[in-house]
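Okay, here's what each chain looks like letter by letter:
Number of protein chains: 2
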Amino acid sequence: MGVVTIIGAGMMGSAMAYPARANGHEVRLVGTPLDEAIIAEASRTNVHKTLKRRLPEGIRFFQIARVDEAIHGADVIIGGVSSFGVDWFKDEMLPRIPREIPLLSITKGMINTAEGDLVPFPVIYEQSLGGQGLSICAVGGPCTSYELADGDPTEICFCGRDMATLRKLRAMLETDFYHISISTDVMGVECAVALKNAYALGVTLAVGLSEKKDGHMHYNSQAALFGQSIREMRQILNLYDGKDDALYLGAGDLYVTVFGGRTRLIGSLLGKGLKIDEAMASLEGITLESVVIAKRTAEALRALTEKRVAAQADFPLLMHIDALLKGQETVNIPWRAFAKEL
Amino acid sequence: MGVVTIIGAGMMGSAMAYPARANGHEVRLVGTPLDEAIIAEASRTNVHKTLKRRLPEGIRFFQIARVDEAIHGADVIIGGVSSFGVDWFKDEMLPRIPREIPLLSITKGMINTAEGDLVPFPVIYEQSLGGQGLSICAVGGPCTSYELADGDPTEICFCGRDMATLRKLRAMLETDFYHISISTDVMGVECAVALKNAYALGVTLAVGLSEKKDGHMHYNSQAALFGQSIREMRQILNLYDGKDDALYLGAGDLYVTVFGGRTRLIGSLLGKGLKIDEAMASLEGITLESVVIAKRTAEALRALTEKRVAAQADFPLLMHIDALLKGQETVNIPWRAFAKEL
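Those protein sequences? They're chains L and W, same order as listed.
Position 40 (the first sequence) corresponds to 40 in this note's numbering; numbering is contiguous.
Position 95 (the second sequence) corresponds to 95 in this note's numbering; numbering is contiguous.
For the record, the hints were derived by calculation from the structure and aren't laboratory data.
Please note that a few of the clues may not be correct.
Derived DSS-like pairs: lysine-lysine, alpha-carbon spacing no greater than 25 Å straight-line [stated by the list, open to error]:
#1 Lys295/L x Lys272/L
#2 Lys340/L x Lys243/W
#3 Lys213/W x Lys52/L
#4 Lys213/L x Lys52/W
#5 Lys243/L x Lys295/W
#6 Lys212/W x Lys272/W
#7 Lys168/W x Lys213/L
#8 Lys168/L x Lys212/L
#9 Lys275/L x Lys295/L
#10 Lys212/W x Lys52/L
#11 Lys243/W x Lys340/W
#12 Lys243/W x Lys243/L
#13 Lys49/L x Lys213/W
#14 Lys52/W x Lys212/L
#15 Lys340/W x Lys168/L
#16 Lys295/L x Lys90/L
#17 Lys340/L x Lys168/W
#18 Lys168/L x Lys213/L
Small disclaimer: the values here were computed from a predicted structure and weren't measured.
Sequences are here, hints too, so could you generate the full structure?
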């Protein structure tokens, strides 16, 4: 058995303790400076206060001050921060991790560049290290922390540049409820699972539309937006040299994301005709990953349109989402633009 | 304005009257021999008894005995039977339709041949006419009859061999709630929208699994099956020379189909561990299109495997569905077979 150190004790980071403990590994769960109360309570009761679950027995808990001790001797580090913790993780944690320990990052997201590139977080980590060792892998695919904790059968993908490392991580973490594909298509996997956040906003516009219309759920319109989302996600994957296999992960991930959470809430409110400021007021200042990724992707596609390597017009749903998020429009889904002559 | 004659007054056939009347056409709704009571009541009250909706004003209703009168002078015939009425439509109706009137069929489904081909119904219609004229088109895509009747924004695709006819049909039937793509990829469109019925059984297995486990809905497992369904559907499309555009229709159609109806019921019961006979007992003898199409597609893939142009092993979900439907197994989803090394 090995040693699995998870840095970041939010819900998803902590949920990774379930497959790790199921494999009998020593698990060290390290809270970020924001997780102090979570670690304090879990140390005492073994209950995770935001995941609202009893954690597996035998986890060793660490506050951030003892992170070096937790890293020492680990076989893998799981980077368990949310996308808003990426800079902290890059600046404060990466330099502490010995080059021989692989990193498995659960953080979904990308930044865009002025040139229209989209750069996933694992690539940002690699760039920050200047290509100096440290094999960086990442997890993508449909997986909510609650359900991973509850042992619901889950299919995800570990991506990274080194197949040998991916196989090692799979062997360490695969269980009969956590099924792991492995792929060297980092761009495809990261792009697909980031995009599903943006497009979940799109699909759930129809939830709000139908709630406003008659209070009933309508599915023709949701299905139309779902199909258009898959079309646009595939086109974006292709633009950035992602492989089609990643699309299936993204499709599953989109499916799970439209069912709940804050992205559905905001999409539904926008679908009811609220302006973005009114919709976001319900979140009381929380920034939403789906909003960030939709804007970044739209920005990248605009840059590519200027360079004439893509055309904004091919992404009518994303462009409408972006206009909603910028407060330039209220909902007015471009249904007709989705119809094609093929 | 033109004349739209709908033969088949079931829910979907009758729902086509909404976009047709919205465009101001004369609509003639003809019941099959099974629709006698529907036509009788609608003639009197304008209410459709199974659709449970007031029909648009101005429809002319016909019992089957007067079908020739209803066909006479039509600009388009909409073939509105379910897949179980295909033989009747082919033998009794097709010969009555003058060759210059295009047919738009709403019937989803395919048959399989011993050689492993899948033949969609519009192609069967064409074959039965021996290639003698009659431009046959078909409708595919996510569209429930209730929601079409209620004006929910809907995106579907008309497919057929002749682009000029498709454009004519689109011009006649497009409205601000019924958005029409047109495509000459008959195989792709028909295959995708038939397959979604089979795979909806697959996705809803997870609904039953989670109901049985703890009564709560779990989405990781549904999402895993959804992603695997899209993967297998795409592979089948490719095998039969369907284009990828059809996949987006199929993805939207799969999304809408898992939300309700008898396919979800049967999938959920199988997912709870019931045998097929026990599950089907709840339907009191009704044959389910999704069951038929899953078996036919599995049969076709087995034939292609024997011919070494495909491999059953690439379709682990469909093969498991088929084994469930044949009563050879109870639910035991091959999660591990879905994981890939890419």
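Checked hints:
1. Taking the CA atoms of Lys295/L and Lys272/L, the gap is about 20 Å. The hint holds against a cut of 25 Å.
2. Our distance criterion of 25 Å between C-alpha atoms is met by Lys340/L and Lys243/W, whose separation comes to about 13 Å.
3. Using a Cα cut-off of 25 Å, the hinted pair Lys213/W and Lys52/L holds, with the two alpha carbons roughly 19 Å apart.
4. Our distance criterion of 25 Å between C-alpha atoms is met by Lys213/L and Lys52/W, whose separation comes to about 19 Å.
5. Pair hint Lys243/L plus Lys295/W does not hold up; C-alpha atoms about 31 Å apart against a cutoff of 25 Å.
6. At most 25 Å may separate the alpha-carbon atoms for a hinted pair to count; Lys212/W and Lys272/W meet this at roughly 6 Å.
7. A threshold of 25 Å between alpha carbons decides the hint, and for Lys168/W with Lys213/L the separation of about 32 Å lies outside it, so the pair is violated.
8. Distance restraint check for Lys168/L and Lys212/L: the Cα-Cα separation of roughly 50 Å exceeds the 25 Å cut-off, and the hinted pair is therefore not satisfied.
9. About 16 Å separates the Cα atoms of Lys275/L and Lys295/L, which keeps this hinted pair within 25 Å; it holds.
10. With a C-alpha separation of about 22 Å, the suggested pairing of Lys212/W with Lys52/L holds against the 25 Å cut-off.
11. Simply put, Lys243/W and Lys340/W have alpha-carbon atoms about 24 Å apart, close enough for the 25 Å limit, and the pair holds.
12. Only pairs whose Cα atoms come within 25 Å are accepted, and Lys243/W paired with Lys243/L is accepted, the gap being roughly 17 Å.
13. Pair hint Lys49/L plus Lys213/W holds up; C-alpha atoms about 24 Å apart against a cutoff of 25 Å.
14. Of the pairs offered as hints, the one joining Lys52/W and Lys212/L holds, with about 22 Å between alpha carbons and a cut-off of 25 Å not exceeded.
15. For the given pair, Lys340/W sits about 15 Å from Lys168/L by alpha-carbon distance, which is consistent with the 25 Å threshold.
16. At most 25 Å may separate the alpha-carbon atoms for a hinted pair to count; Lys295/L and Lys90/L meet this at roughly 23 Å.
17. For the hint pairing Lys340/L with Lys168/W, the CA-to-CA distance comes to about 15 Å; that is within 25 Å, so the pair holds.
18. Annotation: proposed proximity of Lys168/L to Lys213/L is violated, straight-line Cα distance about 52 Å (limit 25 Å).
Violated hints, listed in ascending order, are 5, 7, 8, 18; each of the other numbered hints is respected by the structure.
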